[in-house]
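**Q** Sequence:
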Amino acid sequence: MAGFCRTTAVLALACLTSACLVGPDYARPSVETPLAFKEAIPAPAKGWTAILPDDAAPRGAWWSVFRDPELDRLVRLIDVDNQSLRQALSAYEQARAVVQQTRAQLFPTVINAPSIRQSGSGDVARTSLTLQGSASWELDLVGRIRRGIESSAASAQAIAANVALVRLTLQSELTTNYFQLRYQESLLRLLTETISAYRKSLEIARNQYAAGVAARSDVITAETQLQTTQAAAIAVQLRRATFAHAIAILTGHPPSEISVPQGRLASRLPSIPGSLPSRLLERRPDIAEAERLVQAQSARIGVAVAAFYPSVNLSASGGIAGDPTGVFFAVGNQFWSVTGAATEVLLDGGARSAALRAARAAYDAAVATYRQSVLTAFREVEDGLAGARILERQLR
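For what it's worth, the working numbering labels the leading residue of the sequence shown as 175, then goes sequentially.
Note that these hints are calculated values from the structure, not bench results. Treat the hints with care, as some may be off.
[To be verified] Distance ranges between label pairs, derived from CB positions:
no., residue 1, residue 2, range
1, Arg570, Arg241, 21 to 29 angstroms
2, Ser264, Ser293, 51 to 59 angstroms
3, Ala525, Ala210, 25 to 33 angstroms
4, Arg531, Leu263, 19 to 27 angstroms
5, Arg363, Ser264, 40 to 48 angstroms
Glycine is no exception: its CB is placed at the ideal position from the N, C-alpha and C atoms.
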């Protein structure tokens with residue numbers, strides 16, 4: 175048994191000291207980034223102060239800038255019961271388990287297999303007890319397992335970014351629905367006032383017609399205005415109910431359990447930064463997800479390259495077998511064996527080469543997706559800055 179342990183330790187140390195990693199080492203792909211945003215608000219005139227990003231402002235509860243307690247309450251319910259977010263979190267937990275499962279391949283697999291056998295001949299019975307253990311270990315000489323760990327870890331990080339993206343999307347959707355609901359309420363109040371005014375106009379038109387100073391068409395026109403506005407008010411109530419139901423579903427509850435009390439739109443809008451550094455785009459979860467998927471595909475190239483190298487496996491077994499009623503632990507009852515084996519594919523019809531080409535093509539596709547995600551982010555920022563600048567003129 176001592177010889178078995180020494181041999182195993184020497185082989186393991188030799189393999190670990192000579193291990194290397196095949197395949198490309200990951201480097202973040204380059205992307206074209208502009209020096210400035212095209213639609214950024216130009217330099218202010220004399221007497222004005224530029225609005226700069228507030229790095230001290232909280233970035234988690236971004237909706238709090240609207241200072242609406244009801245909106246705060248509804249958005250925070252997303253983290254409690256939203257089923258889409260729970261699904262994304264479960265996918266992340268599954269990805270973490272895959273990382274642990276892949277990492278376990280770096281270590282030996284040890285199996286304990288005790289057995290007892292009883293046999294006899296005539297009146298003589300014999301009992302044999304075997305306490306046997308075995309271990310097997312695939313040596314990661316070229317880094318196939320480590321590249322697999324790198325790939326699965328990057329995939330898990332991509333899924334974590336997707337969780338953030340799902341959460342942000344749900345928060346944005348609920349906030350949008352909330353302000354659409356408040357808009358419908360404001361519109362309904364306006365239509366209610368308009369209906370009241372049209373009723374008075376209809377009454378005046380009828381009195382004038384009865385007095386002979388107005389035509390019948392004036393009465394018909396006033397009636398049409400009133401009824402059209404009443405129909406519009408009913409449609410607004412339907413849209414308001416639809417947005418309220420959508421908000422309830424986003425919070426993870428049936429519409430009957432969530433009610434949104436009447437309210438008003440904020441009279442003062444929060445300030446919007448006039449310029450944004452490009453590095454802030456790196457915080458976007460969609461960009462982070464795309465970049466992590468690039469690393470995952472890069473590591474899979476290493477896994478495909480490792481298939482061209484031989485795989486080396488160590489296996490060992492040992493134990494004690496004998497009559498448990500005798501001197502069971504005697505030296506003569508002990509046994510052990512150590513085996514080293516290497517396997518290499520000599521001919522596979524081009525399967526490994528095809529797998530390598532597929533991995534490289536998948537990497538190129540992931541890089542293109544990452545770069546497109548960055549370009550899309552720049553476009554969305556430009557759209558937002560243009561909207562802020564142009565709508566500010568409209569507001570004035």
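**Q** Mind checking the hinted window 51 to 59 angstroms against the Cβ distance between serine 264 and serine 293?
**A** 53 angstroms, holds
**Q** Assuming the hint says 40 to 48 angstroms, is it satisfied by the Cβ distance from arginine 363 to serine 264 or not?
**A** 43 angstroms, holds
**Q** Take a look at whether the Cβ-Cβ distance between arginine 570 and arginine 241 falls inside 21 to 29 angstroms.
**A** 22 angstroms, holds
**Q** I want to verify a distance hint. Is the separation of the beta carbons of arginine 531 and leucine 263 within 19 to 27 angstroms?
**A** Hint violated: Cβ distance 36 angstroms, outside 19 to 27 angstroms.
**Q** Honestly, do alanine 525 and alanine 210 meet the 25 to 33 angstroms range at C-beta?
**A** Cβ of alanine 525 to Cβ of alanine 210: about 50 angstroms, so the range 25 to 33 angstroms is violated.
Checked against the numbered hints listed earlier, the structure breaks hints 3 and 4; every other hint is satisfied.
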